[in-house]
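Number of protein chains: 2
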Amino acid sequence: MSPHDAHTATIHSAAQANERLKSLQGQIDPSVRTYRHPLDPLSPEEISIASTLIKANHIGKRFQFRYVTLVEPPKRTMMAYLDEELAGRTPAQKPERIAEALYSIFDHETGWSYKVYEAVVNLDTNKVVKEEPLPEGVSEALSFKTMGDAQAILVESKEFKDAIAKLGLPDNIMIEIDPWMYGVDMPKFGPNRLSFLCYARHPSNNHIDGNIYAVPLPIIPLMDLQTMKVISIEPAASGGTEDGNAYNTHPKKAIDHCIANEYAQDLQPKGLRTDLKPLQVVQPEGASFAVTGRLVEWQKWRFRVGWNYREGMVIHDVTYDGRRVFHRLSLSDMTVPYGDPRTPYHRKQAFDLGDIGAGLSANNLALGCDCLGLIHYFQGALAKHTGEGEEKGNVVCLHEQDMGIGWKHTNYRTERAVVTRNRMLVIQQILTVANYEYIFAWQFDQAGAIHFETRATGILSTCLIDPGKVSEWGNVVSPGVMAQYHQHIFCLRIDPAIDGWKNSVVQEEAVSLPISKERNPFGNAFVTEKKVIKTSSYSDAAPEKNRVFKIVNPSKLNAYSKNPVGYKLVPHTGQLLLADPGSVAAARARFAQHHLWVTRHRDGDLWCGGKYTNQSYREDGGVQDMIERNENVENEDILVWHTFGMTHIPRVEDFPVMPVEVHQVSLKPADFFERNPAIDVPASNQMLNKSVLYDANKSGSCCK
Amino acid sequence: MSPHDAHTATIHSAAQANERLKSLQGQIDPSVRTYRHPLDPLSPEEISIASTLIKANHIGKRFQFRYVTLVEPPKRTMMAYLDEELAGRTPAQKPERIAEALYSIFDHETGWSYKVYEAVVNLDTNKVVKEEPLPEGVSEALSFKTMGDAQAILVESKEFKDAIAKLGLPDNIMIEIDPWMYGVDMPKFGPNRLSFLCYARHPSNNHIDGNIYAVPLPIIPLMDLQTMKVISIEPAASGGTEDGNAYNTHPKKAIDHCIANEYAQDLQPKGLRTDLKPLQVVQPEGASFAVTGRLVEWQKWRFRVGWNYREGMVIHDVTYDGRRVFHRLSLSDMTVPYGDPRTPYHRKQAFDLGDIGAGLSANNLALGCDCLGLIHYFQGALAKHTGEGEEKGNVVCLHEQDMGIGWKHTNYRTERAVVTRNRMLVIQQILTVANYEYIFAWQFDQAGAIHFETRATGILSTCLIDPGKVSEWGNVVSPGVMAQYHQHIFCLRIDPAIDGWKNSVVQEEAVSLPISKERNPFGNAFVTEKKVIKTSSYSDAAPEKNRVFKIVNPSKLNAYSKNPVGYKLVPHTGQLLLADPGSVAAARARFAQHHLWVTRHRDGDLWCGGKYTNQSYREDGGVQDMIERNENVENEDILVWHTFGMTHIPRVEDFPVMPVEVHQVSLKPADFFERNPAIDVPASNQMLNKSVLYDANKSGSCCK
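In the order they appear, the protein sequences are chains A and B.
Just so we're aligned: the first sequence equals residues 0 to 703 in numbering that gives the first Met the number 0.
Just so we're aligned: the second sequence equals residues 0 to 703 in numbering that gives the first Met the number 0.
What the hints contain is simulated information worked out from the structure, not anything from laboratory work.
Take the hints with a grain of salt, since some may be wrong.
[Unchecked claim] The calculated lysine to aspartate or glutamate pairs, modelled on EDC-like cross-linking and capped at a C-alpha distance of 20 Å, are: (1) LYS276(B) - GLU108(A); (2) LYS561(A) - GLU471(B); (3) LYS276(A) - ASP679(B); (4) LYS516(B) - ASP123(A); (5) LYS544(A) - GLU543(B); (6) LYS689(A) - GLU284(B); (7) LYS276(B) - ASP679(A); (8) LYS544(B) - GLU471(A); (9) LYS468(B) - GLU673(A); (10) LYS383(A) - ASP679(B); (11) LYS144(A) - ASP184(A); (12) LYS561(B) - GLU241(A); (13) LYS391(A) - GLU414(B).
[Unchecked claim] From chain B, some residues computed to sit far from chain A (all C-beta separations above 10 Å): (14) ASP123; (15) LYS160; (16) ALA584.
[Unchecked claim] Covered stretches of chain A, going by a simulated chain B footprint (3 or more residues, C-beta under 8 Å): (17) 130-139; (18) 365-376; (19) 507-513; (20) 570-579; (21) 682-689.
Source: prediction; values computed, not measured.
Beta carbons are placed, not taken as given, at the ideal position from N, Cα and C, and that holds for glycine.
Just chain A, same shape as in the assembly (with noise of 0.2 Å):
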């Protein structure tokens, strides 16, 4: 491979930049321009926009781009826009439309190494208005071209294939790569290098679809990015417990004793089960949800979806019945380390997000795969790697879903029954990162309550381990593959404003009280222990003690209960990082070490792991550092920001793919209404559902 094929974003003339600006400008529908959301995701042409500007500024420069997205404007701005807009008038004034981009310039006109920039775009004025270089020492989020063209060059590396000459594998074997980042284990080593998993097919199917991870490869290649050279081909162990943390244990037919362990449903062996039958999910009288843009209208709720290549999708100023709850709601960033502890594996620790992106790797979602019902889908954008912009089809889709029965009561006087369904609606997306899944959907209720829900699903992360062996750092899954035990752990960023801008939020727990004569004779009572918090700071989930945290409004009281108007945060209790907190681990995750973070909300405070993920050796700018500004976080413009996940110890069952692994996250009204808000929905009924009698003589039987 030539430098040359992959950078094609060069500019040579300010001429050759102005006509391709007006060009851009005239390809976007003027509708479109003055409908346009300021919270509304850039489009293609804005993209593009951007990016020519920026290329203008370095006429003849060799660029690569890794995002152009668009900067919300500042909060303050938006409130009153947003106040003029839940009013019912159209706001006087447009904020401004601002991108920022970030990209590499390259030093020469052929060659690889590079400067990477982030710089501000004014699409308003057409004005590149800050443009710096990343900070020293710091690694730019990666992209998919650049490993692309490093992974092409080790493959033709001499390194590389002396290593895979030293396996043994077998002659027609054909070796796949998934580049990882390089998670460091000390700040001494500089930025940009890259990492690479190595897999093969297996050998006897060798097909295009088959498992590559069910035989894993024991070298872990090294790269350097500004020079495109291999740094190593680092060994990596295969041994089991009886080798302690020695390495060269793997015989001279490395990968002999690993079998197909196919996902594919051609591919197996005994074929596919028979007796499912189809099940439909019809909606005759068409949606309950109105989409107008990015703007979703369903069940009294009402909010936008917007969409970055960081986060992908993202909920924004959310009302229930005309009040408003929250103003931005994500997932802010999410970290996998994993536990075994022999170089080079103890680097093994992605950043999703912050390292790639969750738009970046989003999936094409389809009909009859992805949901069932009636869907429908949005639409992201994207820069490639020359700037240009490019949509990125079906990347976050809508629908209805029922989930059981809502409410119930029987009169048991009358026998009168009075049911409801559950009817939700779900807003959803994919990624793929190489060998792993992510589904994450938010879910509105007609009970004024909104989840989170995270499936893992996708294959797990594999490493070699030899015949007959195991290992005290993972579970064999296959024959030969040893699947690392990891963590998920995962954070959402929630911007509340519960019936306003300015909220509190309260710990509360539910405790005995001692048996005494005149408070609890009986030893029965218990009462709630509330506590504000004031000051930015972290707490955990304590199940034990029924711990929640209710975000509430303290201007506004609840009629009835005379409590603050809030919502609750049921918080997850899964086990925080388990990383010694000494370990580079743990400074590059300090959000994965406790559940809860209140800080005081800054424009920009978009990050919990900090801005740049990849290669770091600490969290730079992530909650840890908002906290110790020391803010008031009483009745102020506040961010919540939980983090939970998984501890995952694989299980045999979880390979060669994964059945998903759900969790949920809530937030529910909490004294926030005067009844339950879905005290309205209609009975459910036969008219409407027409359900079936089953009828054994009918119905096939999965038997017979």
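Given the coordinates of chain A, assemble chain B onto it according to the supplied hints.
Positioned in the frame of chain A, the structure of chain B alone reads:
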């Protein structure tokens, strides 16, 4: 009411008994007789035969039956029987068909005083094999008949009328009463007491399906069931925080500040929302399950649905692909203690299964209401108070549900996405216990997991509170209406048979390692710690340690991982019992004080809180007593009990009817299989699923 009306169960001669028995035998369809499985519940005819046999031993006596239920054959007998079945052979010998009955025999020809007996009846030999009075001081489970009789007498009593007259209620008031178990507070009270919670229909509508719990009355009458006389009418505090625990705070016009706060759709003053479009589940080729009698087969699962008056549904003899997994799954009992110490509120502590019965309280489920799609209903059978058996209709429903994506992987190299849907089989029952509803469901999935889901809904148990006041013992959810803090603590009984009859429980945690040059140089390492539970004992959830409990068969190892084949219980982490360990409330529910109990199986060890919970003052024969037998539980026939629940700090949104509060416990295969058992589920595709694209112009908008 005359006591004579109440008891029509007398048999006047041996001849009458014989004739009745002959007629009942004749009613049993011979094919049913032949077909009946030893785990099938008693039929109505069997119940009638058992009660007739009992009555024939007491010619001329007046009876009242509480229950007649199947005594499942000894486990040792069933092991042999089920092993034969699993091997595809017809078991040579049928276990004896045994019934157990609980009933009162009245002391005199007229009058209320009675003695309670428990009898065992052999239905194969038509013999009463045992009859004993209940132990001294023990109260029987309540029957609706007794409660109804007592209530009818109460409302006619002078004491009650006088107490009501003092409340200054409006003239047109309609009073409604819920009989409630009398939760004891000390051993000295005798058995056979019943208390009553009193409410009224709101005078503004006086509707027969009005929400009486919005109009609570501040008195709690108490009756002696042996005399059917009022013991006392206890005043119930309606004060607030400012009143401490003082009593007579309520004004002369006790309920004038209460409002009509209705749940029924036709009583909503603002009408119903009109923008919810129908959503139907259509299964054009029928169900994927097959039901033959009580046997269910679906997607390699095979099990039997049992049922009785106390537990309601029971899942028997669960196998997957011909391998034994669980012998018996059921909800054993639950307790609902309230935290208000003000007498007589401190006695509010229900055991809904032991005091009354989940089967007895089961809703008659209806098409279009309680599930969507293709539904099969199971019937139950109960003894009427006369002893006659009767069918109880549609007490359990069975249907398939789509639960989103089952697993997915996209090969980013080829962009081929392989995705399956997560189909589940749901077996559900719904209980109405006066104000509250519980929805319980066993869910089987295609990846070998079994989930137990609880949904709490219905109406909060409320008490009166004076105008404008708030209380530390509950939340004001409607004017004049306080919902006391309380807990719902469930206990699942899991009788495992993981690939055989002898199992162990392994407690497993994920633990960090200290930084050390040899084993953890970079601080990222963690391992699992496993501890086999050797002697009958308890443990608790510890999510901060990622603690799970693996039920394993130590004599069978997974071929790949070398771990014993097992199922893991991910414990629910909900708060345990808050009542002081020295309280009667705690002594009655020792099962509610730890999350997990492992005991050696004994026939009859069915009840976590003891067999006789009504008015119990300690848990006799419950799990605490079982573990104190100090038996070996390693590689033995064991029972695993999982206690879980919620502390319910009511929200205003939980009234007038509570949106479902959902909790789930999962039993997942952990190295039981050699791969994801759902690997052979066919891919999800549009040809089968027939999803539809949203068209903003065609779908009705909710805001136009």
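How the hints compare with the structure:
1. LYS276(B) - GLU108(A): Measuring from Cα to Cα gives roughly 61 Å; hence the hint is violated.
2. LYS561(A) - GLU471(B): holds, 12 Å
3. LYS276(A) - ASP679(B): holds, 14 Å
4. LYS516(B) - ASP123(A): violated, 57 Å
5. LYS544(A) - GLU543(B): Given that 20 Å is the threshold and the Cα spacing comes to 14 Å, the pair holds.
6. LYS689(A) - GLU284(B): holds, 15 Å
7. LYS276(B) - ASP679(A): holds, 14 Å
8. LYS544(B) - GLU471(A): At roughly 17 Å apart (the allowed maximum being 20 Å), GLU471(A) and LYS544(B) satisfy the hint.
9. LYS468(B) - GLU673(A): holds, 16 Å
10. LYS383(A) - ASP679(B): Violated, because 38 Å separates the two Cα atoms, which is more than 20 Å.
11. LYS144(A) - ASP184(A): violated, 25 Å
12. LYS561(B) - GLU241(A): holds, 15 Å
13. LYS391(A) - GLU414(B): holds, 14 Å
14. ASP123: holds, 29 Å
15. LYS160: Answer for LYS160(B): holds, closest chain A Cβ roughly 21 Å.
16. ALA584: violated, 5 Å
17. 130-139: violated (count 0)
18. 365-376: With 12 residues closer than 8 Å to chain B, the stretch 365-376 of chain A meets the three-residue bar; holds.
19. 507-513: That given contact holds, which follows from 6 residues of the stretch 507-513 of chain A lying within Cβ reach (below 8 Å) of chain B.
20. 570-579: holds (count 7)
21. 682-689: holds (count 8)
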